Each structure stands twice: as structure tokens, then as C-alpha cells.
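A.B. asks: All chains, full assembly: derive it from the sequences and hints.
Residue numbers (numbering that gives the first Met the number 0), protein chains in the order written: chain A, 0 to 363; chain B, 0 to 363.
I should point out that these hints are in silico values taken from the structure, not numbers from a laboratory.
Just so it is clear, the structure is predicted and the values come from calculations on it, not from any experiment.
A portion of the hints provided could be inaccurate.
Note: identical chains are not told apart, hence a pair may lie in one copy or across any two.
No farther apart than 27 angstroms at their CA atoms in a straight line, the calculated lysine-lysine pairs in the BS3-like style are these [stated by the list, open to error]: (1) K295 with K188; (2) K61 with K295; (3) K307 with K168; (4) K61 with K348; (5) K23 with K295; (6) K278 with K168; (7) K278 with K307; (8) K307 with K61; (9) K23 with K188; (10) K325 with K299.
There are 2 protein chains.
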Amino acid sequence: MHRLPFLLLNTGICKSNIDRMAQKAILHKLLLRPHFKTHQSAQIAEWFRELGINSCTVSSLKMAEYFANAGWTDITIAFPVYPFEVDALNALAKQISLNVIFSSASNLMKSVNQLNGNIGVFIEVDVGHNRSGVDPENTREIALMVNQIEGNSSLKFKGFLSHAGHTYKATSTDEVLKIHRDSLSKLTKLKAFWKESHPDIIVSYGDTPSCSIADEFWGIDEIRPGNFVFYDVMQSQIGSCSTSNIAVATICPVVDINQSRREAVIHCGAVHLSKDNIKLPNDVTSFGLVCGFDGKVWSKPIDGLYVKSLSQEHGIISFANEFPFKVGDLVAILPIHSCLTVDLMGEIKLNDGSTIQTMRQHTF
Amino acid sequence: MHRLPFLLLNTGICKSNIDRMAQKAILHKLLLRPHFKTHQSAQIAEWFRELGINSCTVSSLKMAEYFANAGWTDITIAFPVYPFEVDALNALAKQISLNVIFSSASNLMKSVNQLNGNIGVFIEVDVGHNRSGVDPENTREIALMVNQIEGNSSLKFKGFLSHAGHTYKATSTDEVLKIHRDSLSKLTKLKAFWKESHPDIIVSYGDTPSCSIADEFWGIDEIRPGNFVFYDVMQSQIGSCSTSNIAVATICPVVDINQSRREAVIHCGAVHLSKDNIKLPNDVTSFGLVCGFDGKVWSKPIDGLYVKSLSQEHGIISFANEFPFKVGDLVAILPIHSCLTVDLMGEIKLNDGSTIQTMRQHTF
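C.D. replies: Listed below in C-alpha cells is the structure:
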């Protein structure tokens with residue numbers, strides 16, 4: 000028995016998730032450049048490579064170095080360059096085919112002339128997420144950025160990259176599709192404008208909700224979904240997946256039951272699940288869904304049960320009438336946001352008893 | 000220069016926080032058994048030992064093993080025992096003086112007869128936090144638990160332990176003091192009832208807000224605050240400290256500035272700060288306060304700036320009119336909840352260039 004709590008991966012579900020997205024990319028003639036920030040694991044990355052996927056996306060320089068050391072030779076860092084990282088980026092570009100992004104002219108001006116490796120550059124455009132990126136209609140700023148990139152002969156202007164993260168706030172698949180079509184329209188217009196002078200430029204796009212739900216990708220060249228590898232409760236609420244597609248669950252013990260408050264205590268807290276949460280339809284906050292666990296696989300989420308609060312090590316499950324477990328039973332918690340749960344846990348157990356390490360592995 | 004972002008500790012502030020609490024414990028004739036879940040570090044634990052503090056509290060078996068290996072020989076695990084941990088608890092009890100807690104009769108019944116090490120046992124009582132523990136007025140359940148503990152000759156009934164975690168929801172020092180006095184009253188009554196038959200029993204109590212703010216501790220024998228070692232924005236909002244007592248800050252770069260949205264992008268996200276947050280007086284959600292950083296020390300928090308949202312690696316700062324920093328500057332973010340921030344970062348930098356490892360150290 001592993002130490003509790005531990006994060007269990009259902010490899011069958013995970014490999015189906017990967018395969019489905021790979022097939023969808025082939026069908027729509029898209030390069031799948033999966034975002035590896037969700038699993039952060041060289042071992043799981045191999046499951047992509049087995050399907051012929053040799054390009055990936057990461058969210059930090061540190062993660063790029065980790066996957067470069069694991070043999071990945073074509074990596075895009077989808078976080079804007081900043082000056083303190085330039086030396087390490089130049090060093091990494093000697094080892095692999097590296098792409099970076101700039102999110103505005105002022106972001107770019109601080110670093111563009113210090114890059115001297117052979118580096119591909121995307122301009123990040125903001126299709127409505129309002130986190131970072133240039134307005135795709137701001138032709139003047141984009142032209143300035145393209146000029147600056149092309150003024151540095153070691154850089155190659157690759158095209159435009161965007162993350163429609165506002166799909167994560169969507170509450171229906173229709174809303175995701177509306178955002179998606181709006182994004183495609185903006186990106187297609189932008190690409191058409193620049194393609195004449197830069198026939199090779201590409202558009203890189205695609206979060207997990209869009210890539211899971213949409214069936215049209217006109218104008219797009221590559222997609223970068225990440226979360227789909229495991230999915231989570233947030234994605235099932237958006238409509239990107241069903242709860243049966245969620246590939247990871249935290250296995251933990253029922254420590255106590257308080258019948259009068261209709262609450263159970265589990266050993267599964269904020270340091271295991273993360274504090275990310277969703278609102279349930281009745282406006283109640285949930286930090287996870289609760290499933291049975293037979294020692295091998297978890298059941299469907301049990302109606303009426305949810306994780307209502309977390310402190311550092313304690314989780315509190317709310318139940319309606321009777322709690323279907325006893326003190327000492329194991330339960331499985333489906334995470335609200337698997338990226339943060341995996342990041343916290345640092346390692347993932349498989350049913351064959353083996354352990355997958357992530358880049359944030361535990362050493363104790 | 001360390002890789003960004005990194006967590007910087009002001010050792011002067013931290014050692015003052017420790018010293019102040021140690022002095023308060025001496026003044027009130029209390030045993031200070033600090034909770035080490037906030038720093039999770041053998042090196043910082045030594046700063047307590049230098050003041051003659053030789054007992055500690057931890058939140059998990061894993062943490063108990065880590066500090067036992069670091070030479071701590073008197074440890075209380077302030078999380079209810081559950082069956083899967085019993086063998087490891089018995090093993091650990093051979094090595095150190097170990098105390099554990101039971102939170103109810105049903106929690107206790109699952110494990111009490113499997114414990115065979117020489118272990119001290121506290122009954123956890125719930126003074127109003129409503130997370131775990133027996134109602135202190137439930138004499139029948141407590142008597143049953145005492146009987147069961149005493150029925151196992153390897154166990155020693157030590158007394159009652161409580162955590163008034165509802166002080167974390169307090170919005171004024173008056174509210175903290177009201178909770179504190181109410182707790183003392185409940186605990187004193189409970190102790191008086193049991194002291195006749197068990198003259199050696201003690202009461203263990205004391206969260207960071209109570210221990211920081213209160214000046215009366217009648218009936219209490221030991222206190223277990225933890226967060227005070229670093230404090231954080233949540234504690235300053237409660238009134239446990241001022242922001243000048245906060246000993247840790249995340250140092251990160253300004254990556255981009257969007258003047259039209261009055262927002263700046265920093266490289267400091269949910270995997271660095273945690274998603275814990277507070278409501279500011281105007282009902283706005285804040286994930287951290289923003290300070291200047293001169294390369295050595297951080298400034299006071301800057302009025303009008305706060306971290307408004309986090310994704311995995313991005314933080315978004317909201318500002319009122321002009322942002323007082325440029326792209327490429329370093330800023331310091333005061334964490335909302337330092338326990339979770341330290342847990343995520345895994346290592347802490349000092350101004351002399353050295354690094355303190357926590358039990359969750361990074362290996363990449």
C-alpha cells in the first residue's frame with residue numbers, strides 16, 4: 000500500500016484521451032503540440048511520442064529544460080520572454096529547436112536584442128482572454144514587433160500564438176464554440192494580412208475546451224491543449240469531457256464522520272488538491288467530487304457528495320443524509336483542476352504498483 | 000541571481016517573530032510546541048531549538064518522520080490517526096516521544112487497539128471550528144474514548160487538544176479575542192472535570208491569531224501556533240500582525256504591462272503562490288500584495304496594487320492609474336497564505352545567497 004493520500008492514474012483513460020486528441024489533430028490536418036504543464040512528466044510524454052508526436056509546449060523555461068533533458072527537441076515556451084531568462088534561453092537554443100513568445104512591444108523591447116540563439120519567435124495575440132498578448136487588430140504594434148524580430152538575424156518570426164483561456168469560464172459547450180469561432184475569425188484575418196509578406200507563418204492556438212468540443216479549425220495550423228491528458232471536474236463542468244474521461248484521482252482515507260453536521264473528514268487537503276474550486280449549480284463551492292474506491296479503480300462520482308472545504312491536510316466532505324462510507328475506508332477524489340493537483344503531488348501512482356515521477360518529484 | 004520566481008526570507012523578521020512568541024510563552028508559563036507545517040524545514044526548526052524549544056507539532060506522519068530524522072525527539076501529530084498509518088506510527092514511537100490525537104469515538108475505535116508503541120494520546124475537542132474533534136460537553140463520548148485509551152497499556156492519555164481555526168475567519172482582533180475567551184472557558188471546564196481523576200492531564204491549544212493577539216491563557220498548558228514564523232497577508236488582515244511582520248515574499252519579474260486594462264503580468268502563478276485568497280474591503284479578491292524590491296529587501300506594500308488573478312504561471316496585478324514599475328523590474332509579492340506558498344516553493348532563499356530546503360525540496 001502506498002502512503003496516503005496518493006494520486007492514482009488510470010492509464011487506460013489517459014491513453015484514450017491522448018489518442019482521441021491525436022486523431023482529431025490528424026483529421027483536421029493540425030500539428031498537435033501538446034502542452035506538458037499538466038502532467039510535467041517525461042514518462043507520460045513518451046506516450047505522446049509513441050503516437051508520433053514530437054513537438055511540445057511548456058509553461059516555463061525550467062519545464063523546457065526538463066523536457067529537453069528528456070529528449071524533446073522541439074519545444075515552445077508559451078510564456079512571454081523576460082530579461083532574466085535570456086542567457087538560459089540562448090543556451091537551450093543550442094541544444095534544441097526552441098520557440099518563444101513576446102506578448103507586446105514593450106515586453107519584446109526588453110529582450111529581443113539579447114537573444115542570440117537560433118530561436119523561433121511567435122507574437123502572442125489576445126483573442127479575448129485579457130491575460131496577455133497584443134490586440135490582433137493593433138496592426139501598428141504587431142508591425143513594430145515583426146520588424147524588431149526580423150532585425151535580429153538569429154531569430155525567425157514563426158507567426159501568431161494565442162490562448163483563448165476565457166473558455167475556462169464558459170458554462171456550456173455553446174459558449175465555448177462561440178468563443179472558438181470568434182477566435183478563429185480574428186486569427187484568420189490576422190494571418191491573411193501577414194501571409195502575403197510572410198508566406199510561411201503559422202497560427203498556434205487551442206486550449207482544452209476548444210480542442211475537445213470544436214469540430215472546425217479553419218485557419219489554424221497547430222493546437223496546444225494540455226489539460227485533456229487527464230481532464231478534471233472543471234473541464235467536465237465546461238463540457239469538454241464527461242467525468243468518466245477524468246484520468247486521475249486522489250486516493251485518501253475517511254478519517255472521521257460527523258453525522259450531525261453531515262460531514263466527513265478525509266486526509267486530503269490544500270497541499271494535495273490545491274485550493275482551486277468551482278461553483279456547483281446551487282452556488283455551493285466544491286473542491287472535488289467524491290467516488291468510491293475498490294483498491295484498483297474508482298467508481299462514478301457519488302450524487303450529493305462533494306468536498307466543501309480544505310485546510311492544509313484536512314478535506315471536509317459534505318453529504319446529504321447518509322454517508323456511504325465508514326471511518327477507515329478509502330475514497331477517490333476527482334480534482335477540480337488536475338494541473339495544480341499533479342503539480343502539488345509530484346508523483347503519480349499506477350495500478351501496477353509503479354510510480355511516475357513528475358519534474359517536481361518528492362525526495363522524502 | 001536565482002532563477003525566478005523565488006521565495007525570499009527576511010531572517011531578521013522571522014527570528015523576531017519566533018523570539019516574540021517564545022517570550023510570550025515564557026511570560027504566560029506555557030509550553031510553546033510550535034507547529035512546523037508552515038516552514039517544513041529542518042534548518043528553520045534549528046532557530047527554535049536555539050531558544051530552548053525542543054517540542055514541536057506537525058500535520059502529518061510524513062512531516063513527523065522528516066523532523067524525527069532531523070533530531071526532534073518530542074513530536075505531536077495534530078491530525079487524527081487513521082488505520083493505514085498505524086504501523087508507521089508504532090515504528091516512529093520507538094525512535095521518539097510521539098503524541099497522536101483521536102477526533103471522535105469512531106475515529107478512535109478503528110485504530111486504538113492496533114497502536115502498540117509507547118505513545119501519548121490527546122483527545123481532540125472542537126471549540127467551534129467545526130472541522131474535527133468531539134464536542135467538549137459530550138462527556139459520554141469523551142469518557143468512552145478515555146476508557147478505550149486506558150484499555151491499551153502502551154498508550155498514555157495526555158489530555159485535550161483543540162484548534163480554534165475559526166479565528167482565521169475573524170475580521171477583527173475583538174472577534175479573535177471573543178473566540179479565544181469562549182474557547183478558554185470551554186477547555187477550562189473540561190479540564191476541571193477530568194483533572195480530579197487524571198491530575199497530570201494538560202490542555203494543548205492555540206492558533207496563530209489567538210496566540211498573537213490574546214494576553215490571557217488561563218487553563219492552557221501548551222500552545223501550538225505555526226503560521227507566526229512567517230505570517231502573511233491573511234494574518235495581517237485578521238490583526239495577528241502588521242504587514243511589516245511578514246517574513247517571506249515571492250520575488251518575480253514584471254513581464255508585461257497593459258496600461259488600458261490597468262494590469263501588469265508577472266511570472267508568479269498558482270504553482271508559486273497557491274490559489275488561496277482574501278476579500279479586500281471593497282469585496283475584490285486578492286491573491287497577494289505587491290511591494291517594490293531593491294535586490295535585497297522589499298518595500299512596504301504599495302497602495303492600490305494587488306494580485307487580481309492567477310493562472311498556472313501568470314499572475315495579474317491590478318493597478319489604479321500608473322504602474323510604478325517597468326517591464327523587467329523585480330517586484331515582491333506578499334503571500335496571502337504563507338503555509339501554502341512555502342509548501343509549493345519547496346525552497347527558501349536568504350539574502351546571503353544560501354538556500355534553505357524544506358521537506359518538499361525541488362530536485363530539478
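A.B. asks: So which hints don't hold here, by number, going up?
C.D. replies: Hints 1, 5 contradicted; others consistent.
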